[in-house]
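4 protein chains.
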Amino acid sequence: MSSSGRRNEPAGAGPAGAERAPRLPLTDEYRRIRGATAGLCEPLAPEDLVVQSMPDASPAKWHLAHTTWFFEEFVLRAAVDGYRPHRDEFRYLFNSYYNSVGPMHRRPQRGLLTRPNLSEVQAYREQVDENVLRILERDSLPPDAREVLVLGLHHEQQHQELLLTDIKHLFACNPLHPAYTKQPPPAPRAAPALSFTGYPGGLVEIGHSGAGFCFDNEQPRHRVHLEPFQLANRAVTNAEYLEFIRGGGYGSPACWLSDGWATVQQEGWERPIYWMPTLEEEFSLTGVRALDPHAPVSHLSYYEADAFARWAGERLPTETEWEIAAAEVACRGNFVEGGHWHPLPAPYPTPGSTAPQPPLQMFGDVWEWTQSPYTSYPGFAPLRGALGEYNGKFMVNQLVLRGGSCATATSHIRATYRNFFNPAARWQFSGLRLARSAQ
Amino acid sequence: MSSSGRRNEPAGAGPAGAERAPRLPLTDEYRRIRGATAGLCEPLAPEDLVVQSMPDASPAKWHLAHTTWFFEEFVLRAAVDGYRPHRDEFRYLFNSYYNSVGPMHRRPQRGLLTRPNLSEVQAYREQVDENVLRILERDSLPPDAREVLVLGLHHEQQHQELLLTDIKHLFACNPLHPAYTKQPPPAPRAAPALSFTGYPGGLVEIGHSGAGFCFDNEQPRHRVHLEPFQLANRAVTNAEYLEFIRGGGYGSPACWLSDGWATVQQEGWERPIYWMPTLEEEFSLTGVRALDPHAPVSHLSYYEADAFARWAGERLPTETEWEIAAAEVACRGNFVEGGHWHPLPAPYPTPGSTAPQPPLQMFGDVWEWTQSPYTSYPGFAPLRGALGEYNGKFMVNQLVLRGGSCATATSHIRATYRNFFNPAARWQFSGLRLARSAQ
Amino acid sequence: MSSSGRRNEPAGAGPAGAERAPRLPLTDEYRRIRGATAGLCEPLAPEDLVVQSMPDASPAKWHLAHTTWFFEEFVLRAAVDGYRPHRDEFRYLFNSYYNSVGPMHRRPQRGLLTRPNLSEVQAYREQVDENVLRILERDSLPPDAREVLVLGLHHEQQHQELLLTDIKHLFACNPLHPAYTKQPPPAPRAAPALSFTGYPGGLVEIGHSGAGFCFDNEQPRHRVHLEPFQLANRAVTNAEYLEFIRGGGYGSPACWLSDGWATVQQEGWERPIYWMPTLEEEFSLTGVRALDPHAPVSHLSYYEADAFARWAGERLPTETEWEIAAAEVACRGNFVEGGHWHPLPAPYPTPGSTAPQPPLQMFGDVWEWTQSPYTSYPGFAPLRGALGEYNGKFMVNQLVLRGGSCATATSHIRATYRNFFNPAARWQFSGLRLARSAQ
Amino acid sequence: MSSSGRRNEPAGAGPAGAERAPRLPLTDEYRRIRGATAGLCEPLAPEDLVVQSMPDASPAKWHLAHTTWFFEEFVLRAAVDGYRPHRDEFRYLFNSYYNSVGPMHRRPQRGLLTRPNLSEVQAYREQVDENVLRILERDSLPPDAREVLVLGLHHEQQHQELLLTDIKHLFACNPLHPAYTKQPPPAPRAAPALSFTGYPGGLVEIGHSGAGFCFDNEQPRHRVHLEPFQLANRAVTNAEYLEFIRGGGYGSPACWLSDGWATVQQEGWERPIYWMPTLEEEFSLTGVRALDPHAPVSHLSYYEADAFARWAGERLPTETEWEIAAAEVACRGNFVEGGHWHPLPAPYPTPGSTAPQPPLQMFGDVWEWTQSPYTSYPGFAPLRGALGEYNGKFMVNQLVLRGGSCATATSHIRATYRNFFNPAARWQFSGLRLARSAQ
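Residue numbers (this note's numbering), protein chains in the order written: chain A, 175 to 613; chain B, 175 to 613; chain C, 175 to 613; chain D, 175 to 613.
These are computed hints drawn from the structure, not numbers from a lab. There may be inaccurate statements among the hints.
Unchecked claim - Which bits of chain B does chain C cover? Going by a derived footprint, with three or more residues having C-beta under 8 Å, they are:
{"no.": "1", "segment": "263 to 276"}
{"no.": "2", "segment": "428 to 439"}
As the list claims (entries may be wrong) - Derived, one-sided and incomplete: chain A residues facing chain D with beta-carbon distance under 10 Å:
{"no.": "3", "residue": "N269"}
{"no.": "4", "residue": "Q393"}
{"no.": "5", "residue": "H396"}
{"no.": "6", "residue": "L400"}
{"no.": "7", "residue": "Y424"}
{"no.": "8", "residue": "S426"}
{"no.": "9", "residue": "P427"}
{"no.": "10", "residue": "G434"}
{"no.": "11", "residue": "R489"}
{"no.": "12", "residue": "S546"}
{"no.": "13", "residue": "T549"}
{"no.": "14", "residue": "G553"}
{"no.": "15", "residue": "P597"}
For glycine and all other residues, C-beta sits at the position ideal for the given N, C-alpha and C.
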């Protein structure tokens, strides 16, 4: 692994990079995003939509209903005088975790709700959409409610990604290995060699500021003192991770955090969750396919990402390091609109051209585990009311991931975006990028 | 409770009694029984058919496929030279518990099989039916295979009943309490007062003999020495069970077996599984309905049935006692063909008429827990080959139930029939009839 | 395996057979049995006495206290006006499972009671003994209380055996494999070849009658119809069981009951609980010793005993069969007083002599699993009051074992004695004897 | 709650403050610390020393042996040519979690080790002490080994504290509520009113530097940018926490982190672990005593500490904030040498005197939960070899606590000391101090 000088020119458009579209008027944006959710369900049969493969996952039909509930509960009920809910029981059935709203159906039992069936849920979506659009078109939404509606669209995009990862998990549990879509794998492409870029550190700022949308957990923008560091030019590849496996990584406690090692032992982990025992194929949304040595390794838990980094003699970046590097890079990449449904090898940077320059793949392909526990920024204030439960109450036992994945919507991600999962979670498109402290 | 003299005239047709139809030619019987299974699924949406509400239950779609697999595995593969299975993976996916056939999909994961979807499973049923019927029509089935085919039909009828009780459990888990069918409850009818009939005991014979079909566990017919006993004229009613609840039965360890009491404590049992907390309504296949005080109490575990009997100062019958009494009674009752989907009050016997005489309700309405552990009869020999796993390997930790229920097919039940479940099972139509030792 | 004609001469004294001592006057018997319990604790350190190695087992100190509690609760409180208990909290702490007496310390937490410590428990024993002996010597005990006191002595003997098997389990969990006692293993002795004795069956009687003590579950004596059967001349040996292991028994689902196979898979069973992985040594109360091929296999669960019998093409006897055969045999054997602490090979019968004749080893060495679930005899009536909880409430999910073991007191066992454990229990000295139905 | 100006004079000696003794020569220090461990066991019976009340806790005897193993494994084996271990099996039995040393006895089974018994463990201690002291007296220890020996002494002090908290948990499980020691509670004393002191923040430094001992996780000293903040003058008291309970805190999901609320529901938490249901008494090392309203609330999980702070409209400090404030305060307080075995009310500061000034109780009484997840400092390097497992591998799923407790040795604690536990842990003397961001 070599370490190059710091590169910080703005990155150009890469082969897999989707141009970031300008934000549409809110009515169109609402239609577009709601429609995208329905579109993701098209390849699925009613049976696929109802089943829950593990407590962490939710049925696709539940995602369809819950995202609708969000608009009904937080926009229509709040902004429409005398609003009559589509069906009273849905307040209970499709509340995810908002204790302030009231009691809720138990999460591990979401998969038992064969009723309301798909067509009833579709009717629910249609009626709520009609109501929302009517208000939007009349331009009669108070500014507060308008902000919540925008939040609801970002919320919907989060569930779009979960819908895909939950379906992938469900199909992976099926010995028939069904494909979500029959998309053929892309033409082979070599990823660039691993190298590191240096960053000077110092007193930096992270967090969101300015006009665009962000979640409460990205605020306030604040100062952090940072030591000099280096960051890898791309995500760790399947080939590199295979070396770790073949080198006995899953059998060497010295590589692992104590809780990670306990998990490896207890769960019998021997490879990434969707890799076949041969280590030559992996299950993907397009079915079982050959493992691409150049593509980023994906579906790692934090424990695995951390163990790999330790084994490689490097470490994971902190979220501050990641954000500082990402702030200099255009937010393009292999997102869900690209229709690849899978991470792709990093594009090859062309010196002297406007093609992307390192760090590559900061956005899209795989979420990148950082070593930062998910905590509040200094001065953090959660949203008022029930929506204060959106992010703040999860600030323990989770690690931050950054950058979005091949299942993330293009308009959803940004450099300050903080995703978070518990360290044993493996069903997201989660990989890693190496970092080092400056020598 | 009064005790009358022994009555043993053959019973006449009761209001809820379905005439026992003569057995059809095998081809017709096959069509009829296979068709009945499909008929049971008609009120259900694809979503309802795929979900598994607990490890003990199976998805309806799985029942559809597994019963088909039974004919494919044990009839077509065995009897048809060069038979090409519908799909190789189904041998693994739809094997229930036959280790001799090979490895199998894990039972608690049956509900994850969204694929093959319903139409694929229907195609499977059609193709296997076509193959079976072709052989049957050519009359080319060897006698051994013919016997297995008949076994397969009884097997299918067992799964018809499970399909209904599994759906009932699934719907009961749904806060919307969906109804399987909208059938209105029957007109009220008073059950006769509780009384007991005496039986002299002595050296008796139980078990199946003769020409008709029976399972291996009903054989051989053998002698048992029996002390004199008395048997109740009908099943215990909801009203009687309500007295037990109101009298503090669920809080009195003295009524319970030690394992039963531990289960009550651990599971927080306070009433039968489908009763509402008000004790005035219960969930049924026709939705939530008022509790009928005259109808038999149903969906009891063995622990509850035994505790009730102890509380009432009586006991459960042994399976020998039950069979001796049942041998004198016509096999009529409230079976699945009656379309009640629920137990009915015992019919009122009319002295001097041909109307049913005690013991009433020996067949249909509810399976009756006996105090007999499920063991082999002396000289028991399981079927040869894989089908030896059908019954014999379950002969531990289970109790025998007798008589069939409102979800049992009329042609499926007989006096020697031995059903069995573990003592904590509550999702079958299981009730009880009281017995006493003669004073 | 050969089958011989029926042999039913009374058996003579075998080398390992302890002469059955005549019952002493009650005062002496009380002193003797209470003293024996204390004697069993002599090789143990205070640390050994306090720990509980699994929920099924109890600390030795708890046994010392609970058996004392039994006399205090059921004899002294009942028979002595104004009796002041040794310490009020002991009623709660040392109640085992008598709900009628009141609430109790949770069973799995018995091992947390470091206090009262050993000397306090010894003081408890001494004070209760003093009180009991004072009453006994004054001969002022009402007949009812006297009967309960006798029950208490048999109860104490049951706990003596449990104390030994619980300590054995505890020591087996310790990688140091400590020995309870340093007793050298006996001189090698060959067991006789396996053969079978025929019994005619018919209408027989089992259960206890007459003057001596018995538990309520041995009554009433009653008639049973029995088919002709054959019974093995001795218990199954280690060598025979080794064949089963080497023949792949633990990997062949066809040998196992369904629940047994599930247990094998889940627990990873590959051999009897105390055998070393080499299959050449086993852990015993005298430490690790070479496996004696001629000694009875011991510490089997019912599942293992049943699987072995199935594999051998035979079956386990019913408890009726066992009792009919045992009724003709003197109650002698390798009991705890012999000081072997381990099963011994069956003695070699000498034709024409008064030496023991088959069936050998009916008493002592190992408890023999029967295929009979533990149920009530027809007409069974539990003891009145709290002592009705002694036996009756366990009559589900357990199998009957017969004959006592090398850890049973000589004066405790008889042909009608019914021991019972759940089918997965392995920590008792439990083995098996084969049976067959007559051809 | 009022907020005062910043106070940062060095604190004087308070009534409960133990003068920090100068470090002794290493030989004396070794004798003193090893002797202190033995001293802590004096009030205990052998039974108390062997039992493990939960997987998180260890038996006192195990602490005695493991701390000895540490010296044997890391000092004697490393520094003494041809060292012959006391007993080979101890390497396995008393290894806690050092995978580099080899396999180890499973943690939840430490309580099954009745052997080696107490006297054998004492002999082990004596022999190892003799060996260590001989080397120390000859001054023949290489500098590296000398450092490890010093580490071993700090390690021993950590286990002294655990020994006390583990015994407290064990005794709390005993319905007899035994006292570790009979110490009467101290005379009542009012704690000062709650107030806050402001700190300016900026670019600060935390972490250990200089000559004294520290653990690897306290290094390197590094810069952190800190926003202005305020810190409470003392720990939260029982009276304050009682308000939270009485105000419904344990029933209000809005106060809790999501994982915390799930824990409250699942475990049925309603009050601190050792409080009696009356909320008027608590279990302590001196037995059940009246709850002192002025003493710091103790034995809180992180979830409870965080919920209280949220309910109070404040927050927990970060570890940086805590350390910055603590750096200005003398390291005195209610430590284990004080012999109180329990937290005491904060001393009353006397204006104008040399008596302690706010922040009070920074050291001793209770460990204070910070909101900081336990992570590595930038540039952290674990110790080389097996001792690298000491701290580093636990850096996930844990929160940092600061300041020591009434069970901590005086010479063990310092401002940079980082303790860590998982957020549900309640059996340590863990409380909290409130903080705020500057307005």
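- Query: Given A/G434 was flagged as interface, is its beta-carbon under 10 Å from a beta-carbon of chain D?
  - Reply: At about 7 Å, which falls below the 10 Å cut-off, the nearest Cβ of chain D leaves the hint on A/G434 intact, so it holds.
The hint names A/P427 as touching chain D; please verify it with the least Cβ-Cβ distance against 10 Å. holds, 4 Å
Supplied contact hint for A/G553, tested at 10 Å Cβ to chain D: With a closest approach of 5 Å, the A/G553 hint holds.
*Restraint satisfaction for A/T549 [CB to CB of chain D, less than 10 Å]*: Holds, about 6 Å.
Does A/L400 pass the interface hint, meaning its C-beta sits closer than 10 Å to a C-beta of chain D? holds, 8 Å
*Grab the minimum C-beta distance from A/S426 to chain D and call the hint holds if it beats 10 Å, violated otherwise.*
Holds. Min distance 9 Å.
- Message: Just to be careful: measuring from the Cβ of A/Y424 to every Cβ in chain D, is the smallest value less than 10 Å?
- Response: Cβ of A/Y424 sits 14 Å from chain D, so the hint is violated.
Practice problem: Answer holds if the nearest beta-carbon of chain D is closer than 10 Å to that of A/Q393; otherwise answer violated. | Solution: violated, 14 Å
**Item:** Status of the A/P597 interface restraint (C-beta, 10 Å, chain D)
**Value:** holds, 6 Å
*asked:* Is the interface hint satisfied for A/R489? The criterion is a beta-carbon contact with chain D at less than 10 Å.
replied: holds, 9 Å
**Closest C-beta approach of A/N269 to chain D relative to 10 Å, hint status** = violated, 12 Å
**Report entry** A/H396 as an interface hint toward chain D, with CB separation required under 10 Å
**Finding:** holds, 7 Å
In summary, the numbered hints that this structure violates are 3, 4 and 7.
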